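So the sequence lines, in the order shown, correspond to chains E and V. Numbered per numbering that gives the first Met the number 0, the first sequence spans residues 0 to 549. Numbered per numbering that gives the first Met the number 0, the second sequence spans residues 0 to 335.
If you're looking for bench data, these hints aren't it; they were derived computationally from the structure. Bear in mind that the values here come from a model prediction, so they are computed numbers and not experimental data. Please note: incorrect hints may appear among the correct ones.
[What the hints assert, rightly or not] Computed list of chain E residues with no C-beta within reach of chain V, every gap over 12 Å:
1. Thr57
2. Glu141
3. Ser262
4. Pro335
5. Gln354
6. Lys364
7. Glu370
8. Val381
9. Ala383
10. Asp493
[Unchecked claim] Calculated pairs, PhoX-like style, for lysine-lysine (alpha carbon to alpha carbon, straight line, at most 25 Å):
11. Lys139(E) with Lys280(E)
12. Lys433(E) with Lys10(V)
13. Lys65(V) with Lys139(E)
14. Lys435(E) with Lys131(V)
[As the list claims (entries may be wrong)] Covered, in the sense of this in silico footprint (three residues per stretch, anywhere, with C-beta under 8 Å from a C-beta of chain V), are these stretches of chain E:
15. 46-56
16. 196-204
17. 217-230
18. 248-256
19. 416-429
Don't be surprised by glycine CBs; every beta carbon is placed ideally from N, CA and C.
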Amino acid sequence: MTKRSSLFALSRRRLLLSAAVATALVVANTPGFNPALAADSPRDGGDITFLIDSLGDTWIPNNSAISSFQGHIWGHVTDKLLYVDAEGKVSPWLVERFEQNDNATEFTLHLKNGVTFSDGEPLDAAAVVANLDIWYAGRKNEGINPIGLFPKTYDRAEAVDAATVKVFFKKPTLGFIPTLGYHGSILISPKSIAQPASEQADLSKTAGSGPYVVESWKEGDHVTLVKRKDYNWGPAAVGHTGPAFLDSITYKLVSEPSLRVASVQSGQADVAYNASPQELKSLKEEGYTIATPRYLGFVNGWAVNTKIAPYDDVKVRQALQAGINRQEIIDTVYTPDWKLPTSFIQSNVPGATDQSALLAYDPDKAEKLLEEAGWVKGADGVRAKDGKPLTLTLHSNPYLATSKSVDELIAQQLGKLGWKVSIRAYDVVTYGEKVKYGGPAIPTYEVTRSFIDAGTVAGILTNANNGENWFALDDRDSKLNDLRDKIAGAGTFDERSPLLNDLQQYVLDQGYFIPRTQIVQRIYVQSPTLKGEVYNGVAYASYYTAFIAD
Amino acid sequence: MNNAYLTYAAKRLGQAVVVILLAYVFTFVVVSILPGDPITSVLRNPQNGFSEEEIAEIIAAQGLDKPIIVQLWHSLSGFLVGDLGMSMRSNRPVSTLIAEVLPSTLILASVGLAVAMILAMLVAYGTRFVPKRYGQGLLRGFPSLFLSVPNFVIGLVLIHLFGFQLGLFRVINPDSFWATLFAAIALGIPISAQIAEVLIANLDKEAEQEYATVARSRGLGQARLFARHLLKPASLPVVTVIALTIGELLGGSLITETVFGRTGIGSLVQRSVSTQDLPVLQAIVSLGAVVFVLVNLIADLLYPLLDPRVKILGGQKRRPTTADETSIGPSKAVTP
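For reference, chain E alone in the conformation it holds in the complex (with noise of 0.2 Å):
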């Protein structure tokens, strides 16, 4: 979901949805005419400047792809196989479609023709089995990873012929389908994936099939994106399926937030990214553009310990559930753009149920949990058990501006109730060494993370098949397993459904996940010229069908 200033802004987004859909077959015959968007009538040419606080560190396609800050470029150097929307909707792409059997082991894919890289290569079956193979295994004697979220339970893939694909799979795998248009899953050149690890990490050197090429890049400085004129595969979903709009796109690397912002403010920038959610209101009401797209994944909370004491306490762990005031967080430390968690996967999420209830603020049902735990309130407002103080040490998650904010006002919050708060705050190496899930000083895990498809969501729970076992509960609760095992192997949406929302209520009900709030990790301020971006799954702003209005 998109939240924007501009009223105008978003009537048009909302036409341009409904109309995609109608006039895709007329769109994709007429490259360069934009139906949809004649409202704003879009106008060739212009350069934009988008001010980003990093550019990452490698740029090897499978290491970098799920990038906060690469996969900005990779989204417009590269396609999909499908696409997915900021509702989580799949479409084609360049997949036009599919087929699966029964229990979701199979799938055929039927490509588009005439789609070819950059490098003259076309993206034919043999280059989508290519691709599929490095994203399952990588080259990890050579430093190319895996796509961490790909299935595991992929076997192997076949080229019928030149515009067919067969998948196979080990076990039903209905997550596949909704995979193919995650941001790790970009589609690269044959010939650029068999090039060692050094000359991948030349992004120069790598070819897509997207509606940029890089011009020109710096490590730590700049990439620079030129439109491609032959480009005519777009996803129908976003109404334009031609050349790009705008000339270029520079990615330039300003590391200082109040820099990005004061450049889009003086005029000398269009997009600055991550601007501090403070001063969101004033921008807005200086006449930028500002979004704050929601990605598909889990609500920002915490995945408790249940080895550590007192949480290993049902009654302790749902004080906490309650004894949160989630309202006051998007009060205090963000603004209205940001939504309450209803349930422990983001409200977008195909598949997420309305648990709002589990989720209320109720300090008084916190304090009596807490009683009847045998947590007595001292003469300084502690409470104790067996002369033990109620103790809860958080690790502020580096990977959010925010958290550390979020982390003093829940302090308060839980003050007043009687626990003692503290609050670690470690750099990303050491959080990495240190924080971990079921870590034995950890007893709450900080969560930031998107995944692709709501069925895979039980299996990172759990211990299974080298899932994370976020509560450290390993075999030790047999409902949720039993849970795990029915999503697992549901072949179908319909059978799955009510078996996720039963695990949604659980996992929230036990208190094994506390939600904060839902959460945005990406926020764009916008020079209000700039129009016609689209932001897909994992709130990446797409500037394919942005141009510049007069």
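Fit chain V to the given chain E structure using the hints.
Chain V alone, transformed into the frame defined by chain E:
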């Protein structure tokens, strides 16, 4: 060029090589004992969703699980034959990374040094020739002031004043003429302070010398006295100070580059430190050591050529004492 000079030069060169090797090994040990490395920190990004087993497998495939001494030997043997290795963070050759950013830093450092020298000269001139009632004392306070204001503060003030208010340069185009000049000013101001202090002290000393009094008594004007007589002898020690400020220039460029958004050695160091990219850090520390040692070597080797009073005695450089200057006859070794 006599034998003593050559021996002296050879000895200094040998010391330089040892310093560079020690810097290399020291960096390796320090970074290695810190927890974490760029590959694991990328793998541990929660978005990736790798399990502990997968992370361990990838780490082993990269040879990062080998003992530190084996890794050190591997990288040192490469370094000795001129192979700087591959960056663990970006997977590109370290030499390419450095070659990409070096020109920007060289430009910034040389313009910064020029700014520092001009500024120091102006301040030093001012302390002699601005009348007391017009703030000579104030000028003498300038070096301490320059030293005490951090250069990122100077940088941010310059950016807001000249970049955003006056629009002289665009923040997003930091390699333009004006942006480079203002970055160099931010970098040069603290460095000018050190040069100015030495220059002022030496001017004061030289002005009290008899030859200055004689020159003045012959009716020489202030400006001519400064330019013709005082400046040259007073600036000799400045050569040493300038050589020492090379370290500051490299260190200061780290902050200045970050503030001004320039992509140079400084920003490469910053990215490499934050991700513990060992091969890049080792190469840059060694490069820094090479530059520092080389510049000081050049300064030391130049000294005897600039100042005829400096002699090389038994492989030691020294400026003769007053006793030598007053002694008449061929130069002779003097025991210290």
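Enumerated hints in conflict with the structure, sorted upward: Hint check: 1, 2, 3, 11, 12 and 14 fail, others pass.
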